[in-house]
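Enquirer: Here is what each chain is made of, one letter per residue.
There are 2 protein chains.
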Amino acid sequence: MVLPAPLFEAVPNFSEGKDGEKISRITEAVRVVPGVRVLGLHSDPDHNRSVLTFAGEEDAVLAGAVTLAKACAIELDLASQAGEHPRMGVLDVLPFVPLAGSTMDDAVRLARRTAEILGSLGFPVFLYGAAATASHRRDLPDVRRAGYEGVVERLKDPRWRPDYGPHMLDPRRGAVAVGARPFLVAFNAFLDTDDVEVARVIARRIRESSGGLPAVKALGFLVGGRAQVSMNLTDLERTPIYIALEAVRLAAADLGTSVQSTELVGLAPLAVILDTARYFLGLRELEAEHVLETRLYDPPFS
Amino acid sequence: MVLPAPLFEAVPNFSEGKDGEKISRITEAVRVVPGVRVLGLHSDPDHNRSVLTFAGEEDAVLAGAVTLAKACAIELDLASQAGEHPRMGVLDVLPFVPLAGSTMDDAVRLARRTAEILGSLGFPVFLYGAAATASHRRDLPDVRRAGYEGVVERLKDPRWRPDYGPHMLDPRRGAVAVGARPFLVAFNAFLDTDDVEVARVIARRIRESSGGLPAVKALGFLVGGRAQVSMNLTDLERTPIYIALEAVRLAAADLGTSVQSTELVGLAPLAVILDTARYFLGLRELEAEHVLETRLYDPPFS
Chain A
1 MVLPAPLFEA VPNFSEGKDG EKISRITEAV RVVPGVRVLG LHSDPDHNRS VLTFAGEEDA
61 VLAGAVTLAK ACAIELDLAS QAGEHPRMGV LDVLPFVPLA GSTMDDAVRL ARRTAEILGS
121 LGFPVFLYGA AATASHRRDL PDVRRAGYEG VVERLKDPRW RPDYGPHMLD PRRGAVAVGA
181 RPFLVAFNAF LDTDDVEVAR VIARRIRESS GGLPAVKALG FLVGGRAQVS MNLTDLERTP
241 IYIALEAVRL AAADLGTSVQ STELVGLAPL AVILDTARYF LGLRELEAEH VLETRLYDPP
301 FS
Chain B
1 MVLPAPLFEA VPNFSEGKDG EKISRITEAV RVVPGVRVLG LHSDPDHNRS VLTFAGEEDA
61 VLAGAVTLAK ACAIELDLAS QAGEHPRMGV LDVLPFVPLA GSTMDDAVRL ARRTAEILGS
121 LGFPVFLYGA AATASHRRDL PDVRRAGYEG VVERLKDPRW RPDYGPHMLD PRRGAVAVGA
181 RPFLVAFNAF LDTDDVEVAR VIARRIRESS GGLPAVKALG FLVGGRAQVS MNLTDLERTP
241 IYIALEAVRL AAADLGTSVQ STELVGLAPL AVILDTARYF LGLRELEAEH VLETRLYDPP
301 FS
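Keeping their order, the protein sequence lines are chains A and B. Under our numbering, the first residue of the first sequence carries the number 1, and numbering increases by one thereafter. Under our numbering, the first residue of the second sequence carries the number 1, and numbering increases by one thereafter.
Since the hints were made in silico from the structure, they are not lab data. For every residue, glycine included, the Cβ atom is placed at its ideal position computed from N, Cα and C.
Each pair of labels, with its calculated beta carbon distance range:
hint, chain 1, residue 1, chain 2, residue 2, range
1, B, Asp-19, A, Gly-101, 34 to 42 Å
2, B, Glu-287, A, Arg-25, 29 to 37 Å
3, A, Val-196, B, Leu-250, 35 to 43 Å
4, B, Leu-250, A, Arg-249, 15 to 23 Å
5, A, Asp-46, B, Glu-208, 53 to 61 Å
6, B, Glu-287, A, Asp-19, 33 to 41 Å
7, A, Val-196, B, Arg-138, 52 to 60 Å
8, B, Glu-287, A, Glu-289, 15 to 23 Å
9, A, Glu-285, B, His-42, 16 to 24 Å
With the Cβ distance kept under 10 Å, some of the chain B side facing chain A (calculated, not the full set):
hint, residue
10, Leu-7
11, Ala-100
12, Ile-241
13, His-290
14, Arg-295
What the simulated footprint calls covered on chain B by chain A, stretch by stretch (three residues with Cβ under 8 Å from a Cβ of chain A suffice, anywhere in the stretch; the number is not a length):
hint, region
15, 248-262
16, 265-273
Bound-form chain A, shown alone (with noise of 0.2 Å):
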């Protein structure tokens, strides 16, 4: 196992998600960026966007972002584009998540250093949420909140000064979001029933808009007959995935039901499975290091 420290991840929204042909030019591109690799993309037509991810060492992962920007210039024309979707530029969002080795400054860094090449390129560029220049500027929704629609009027709003590039839009490529914030992990539990309306409550009980655990959202779901509490855990610094799954078993064995079994969509970094394995087994540490295959190309031993 090789951990090229720091690692990050990129996932980059862009405004097309119809075109197939132009969908895989952009995604190629960025595919054959030395040091990049796709981990996945997400296409949907009726919003209109694809969401890539991709990761790799910090420049390879620069340079995979500058690829995409400049293909989305090339390819879209949001001035003929249209979409469900909030929007408010080709490339829409570009989002930093730091990796195995690497700290959230560091996604930082990379944001705003990838914010000013973007700038210099000519995309009016708002930095969110950890990379933000002011607290009024950190949420996304915020952000993108006048949509392409009302950023040629926010552009002159000195609250809303782009961080770089111009203060004029180009009305075919319209502006962006370069941020950085925590890997989110979606999990999901599936109860033993198949009533909704449990899921749905313990749902309630455990979201941070209810009142329940912080950087949690959860929905209440019917999935092949049976009920499921589907999470985003959007910062596992301060909820990790095995205090959810407490807290839905809880609540859970509260309403007379139990979990049944649970799935992690999509990838888990490596550090959020020895996380669960340290806390479930008490372990006093347990760390990448300690992994056999982590050793085999690391320095050494002795």
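Since chain A is already given, all that's left is putting chain B on it; use the hints.
Expert: Same frame as chain A, now just chain B:
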């Protein structure tokens, strides 16, 4: 994370634990073999033997083992060696362990390939463990019972004809036991008591030798003023870490105490960590390919 499949570990024991220069010349010879990673070296002056741990892909581990055997034959002379520990050769025991991506059958094949080469180099070789060619030759203590002093006689016994190599003994190098076995995990549970007798009672309840869990060896100790149940898990397929821990927790509660913390000694394979997280989270599945770091160097997604 690179997972070249199959990966193997070798844990050879050689009959020198006092002479640091000889030990380092022998270890260095293995360390410089391309593709070999030395993970650990433990030398015991009292037993006058050393345990070397190294890993890599099949051909690299085979080359490392053959290099080690040659180095032991050059550096060591069993005719003039003495130690408390039962031994029958300069390279005394050579077990191969399947790691990520490899099976016990793969390890048996590697053990037999290595044994054939060591035989051609003039070492009488007894296969043991999963690589044994007869049931009475499976257990290492049986294979090694006669020791160096008795192996000359043993070589004349049809039941103990070596699997490879000469039936005559070179008194300087002796004979070697080459085998295949599962990965061993040393796992300790610290109890919330200073009464070592409680740890001893728990150890007796859970270990295989007194009717407890299969493939579990356990003893009770007092470590740092705290009662400790010290476990060797010799086959994690039969008794995983989490089952051993559940048994210790149950027995501890039954005796009015509890497990305060635990420790894994040495390195744990990724599969052991994944199995532990899957068990406690109730995950429908969790494999190496679901760990983000493994994907960074695998073929790209989609």
